[in-house]
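Here is how the chains run, residue by residue.
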Amino acid sequence: MLRIRNLKCFYGRIMAVKGISLSVGKGQIVTLIGANGAGKSTLLEAVCGLLPRWEGEILYEGDSLKGLDPPAIVRKGVSLVPEGRMIFPPMTVSDNLILGAYTMIRKKEDAAVKQDLERVMELFPILKDRYRQPAGTLSGGEQQMLAIGRALMSHPRLLLLDEPSMGLAPLIVEKIFQTLEMLRNEGMTILLVEQNARAALQIADRGYVFETGSIVLQGPAPDLLEDQEVKRAYLGKDYGGFYDH
Amino acid sequence: MQEILQYFFSGITNGAIYAVIAIGFSMLYNSTDLINFAHGEFVMLGALTMVTFSGPFHLPLLPAFIATVCCISIAGLLFERLAIRTVRFPEPIVLIIITVGASIFLRGIGMLAWGKDAYSIPPFSTHPPLDIAGAKLLAQSLWILLIVLLMVACLHFFFKKTLTGKAMEACAIDKRAAWIVGIPSKLMVMLAFGLSTGLGALSGVIISPITMCSYDMGTMLGLKGFCAAMLGGLGSLWGSLIGGFLLGILEALGVGFVSSGLKDATAFFLLLFILYARPGGIISALNVKRF
Numbered sequence: 001m002l003r004i005r006n007l008k009c010f011y012g013r014i015m016a017v018k019g020i021s022l023s024v025g026k027g028q029i030v031t032l033i034g035a036n037g038a039g040k041s042t043l044l045e046a047v048c049g050l051l052p053r054w055e056g057e058i059l060y061e062g063d064s065l066k067g068l069d070p071p072a073i074v075r076k077g078v079s080l081v082p083e084g085r086m087i088f089p090p091m092t093v094s095d096n097l098i099l100g101a102y103t104m105i106r107k108k109e110d111a112a113v114k115q116d117l118e119r120v121m122e123l124f125p126i127l128k129d130r131y132r133q134p135a136g137t138l139s140g141g142e143q144q145m146l147a148i149g150r151a152l153m154s155h156p157r158l159l160l161l162d163e164p165s166m167g168l169a170p171l172i173v174e175k176i177f178q179t180l181e182m183l184r185n186e187g188m189t190i191l192l193v194e195q196n197a198r199a200a201l202q203i204a205d206r207g208y209v210f211e212t213g214s215i216v217l218q219g220p221a222p223d224l225l226e227d228q229e230v231k232r233a234y235l236g237k238d239y240g241g242f243y244d245h
Numbered sequence: 001m002q003e004i005l006q007y008f009f010s011g012i013t014n015g016a017i018y019a020v021i022a023i024g025f026s027m028l029y030n031s032t033d034l035i036n037f038a039h040g041e042f043v044m045l046g047a048l049t050m051v052t053f054s055g056p057f058h059l060p061l062l063p064a065f066i067a068t069v070c071c072i073s074i075a076g077l078l079f080e081r082l083a084i085r086t087v088r089f090p091e092p093i094v095l096i097i098i099t100v101g102a103s104i105f106l107r108g109i110g111m112l113a114w115g116k117d118a119y120s121i122p123p124f125s126t127h128p129p130l131d132i133a134g135a136k137l138l139a140q141s142l143w144i145l146l147i148v149l150l151m152v153a154c155l156h157f158f159f160k161k162t163l164t165g166k167a168m169e170a171c172a173i174d175k176r177a178a179w180i181v182g183i184p185s186k187l188m189v190m191l192a193f194g195l196s197t198g199l200g201a202l203s204g205v206i207i208s209p210i211t212m213c214s215y216d217m218g219t220m221l222g223l224k225g226f227c228a229a230m231l232g233g234l235g236s237l238w239g240s241l242i243g244g245f246l247l248g249i250l251e252a253l254g255v256g257f258v259s260s261g262l263k264d265a266t267a268f269f270l271l272l273f274i275l276y277a278r279p280g281g282i283i284s285a286l287n288v289k290r291f
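Top line first, the protein sequences correspond to chains A and B. The first sequence runs 1 to 245 under our numbering. The second sequence runs 1 to 291 under our numbering.
In case anyone wonders, no lab produced these hints; they're calculated from the structure. Beta carbons are placed, not taken as given, at the ideal position from N, Cα and C, and that holds for glycine. Hints should not be assumed to be uniformly reliable.
[Claimed, not checked] With the C-beta cut set under 7 Å, the calculated list includes, among others, these residues of chain B facing chain A:
hint, residue
1, Leu163
2, Gly165
3, Ile173
4, Ala177
5, Ile180
6, Ile183
[Claimed, not checked] Facing chain A, according to a computed beta carbon distance under 8 Å, are these residues of chain B, among others:
hint, residue
7, Arg85
8, Phe89
9, Lys175
10, Gly182
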C-alpha cells in the first residue's frame, strides 16, 4: 500500500533520513521504532507532504506522492496524527472533529462523514461526553483520542501516527493501542512511529528499527521483540548483567 | 446632560467605524500574524470608489455599495497574490514593511485616480435627524450603527457556524495543524485578505456621506483602527468591537470637554496607555478564544 524507496530527507544541509526503503502492506500495522532524532518523524512528514525537500520515491497505492501538499495527500486517503497531538485547543471537540472531515465535506460525502463521526464516538465514547467542551480542557489521553478521531474523520485508508503514547499513562496507552488493533482488524493500514518500542511491537505485524537516519534492523514484530539487540537498546531488558558484576 | 449625550452619539458613530477597521486588522492578524498597515488605504479606496460608483456612474445606493465592497475585496486578493505571497523570505518584519510600502503606493494611486479634491456623497436616507433628549442623532449614524451590528452578526455566524469560517479559525490557531487536517491554508489566507479589505471598504462606504473623502484620508483612519484593535485586544472580534467604540466615545468626550486639538491625540494616548498597562488589550487574544 505504501512503498518507500531510497528516501533521503534534508533539513537545510543536514540529511535526517539517509536513504531508507520500507513498505507497508494493506491491513498491516507497521511500526518504526528508534531513539529521539533517528529520523522517524521526518519520514512521516515526508509521507504526508509537510517536508518540502526529499529525494527518492514514495508510492501510495502505486502513485507517487512527490510534489503534493498535505491537503492533496489527505484527499488521497492518508491521514496523520501528529506528534504532540496538535488539536485546536480553543475549539470544541465537535468542531475539531468536523474540521477533520474538511476534505470529506468539500467532496460532498456528508453521509460518510456522519458514519465516521458515529464510528469515532464508538471508538472513543469519552469524546461523546466532552462533545461541546473546548478541546483544550481535555486530559492528555482524551486529547490524543481526539487527535486520532480527527484523523479518522478524513476517512483515511492509511493512518500515520507519530508517538501516540507520548506522555500518557500506561492504561491509556493500552486503550489507544487496543483501538489501533481494532482498526487494523477492520482493514485499516497503520504506520506507527513509537519510542515505546515494546507496546508498539506487541500490536505490530512488522517493525523497522531506526538509528541516525538509517534502518538497522527490520522484520516481523514478534522476531524483533525477541531480538537481543532490540531488547538491549529499546526494551530495557538484559541490563541485569551490567549491575551484577 | 444634553451635551454629553450629543458627544456620545458622535462618539458611537465614529466608534462604529473604528470598530470595523479594527476588525479588519484583527482578522488579518489572526490568520496571517501580519499587521497590514495598508488597511487604511483600503478604507480610502472604498470611500472613493463609492463616490465614483454613486456619482459619475449613477448606480443606485445598494448596487454601488455591493460593487464597491466586491471591487476592494478583489483588490485585496490581488495585493495578497502580487505583493505578499511572492515574497521569498516571508519574515514578519519584511511583510510589514511591504504593507507600509503598499500603503504609500495605494495613496499614490488614489491621488492619480481621484485627484487631490475631497468628495462626499449624499446620506443613505434623507430622514431628518432624530431628537433624543435634546441631542441630535443623524440618520446616517443610525445607518452606520445598523450596518456595523449586522456585519458583526454575520461575521459571528460565519466564524461559528460555517465550515469555511471554522477552517479559517483553525488556520489562525495553528496553521500547521490545519494543513495536516487537509485545510488548504493558502486559500484561507487569501480569503482572510479578501474579507479584511472588504471590511475596510465597507467602513469607507458607510462614512463617505459624513466625511470628506480624499486620497489621504486612509492613513489616519487606519491608525485609529489599529489603536482600537490594540486597545480591545488584537486578534479578537469582540475586543476590536469594544476597542472601537471605546476609542470613538473617549475621543468625542475629549473633543467636547477638553479641546478639539485633542481629537487625534486621544487615540495615541490610549494606545500608549494600553501598551504600558495591559499589552494584550482589554480582551487579550492570548488567553481567550479568538474570534
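What hint numbers does the structure not satisfy?
2, 7, 8, 9
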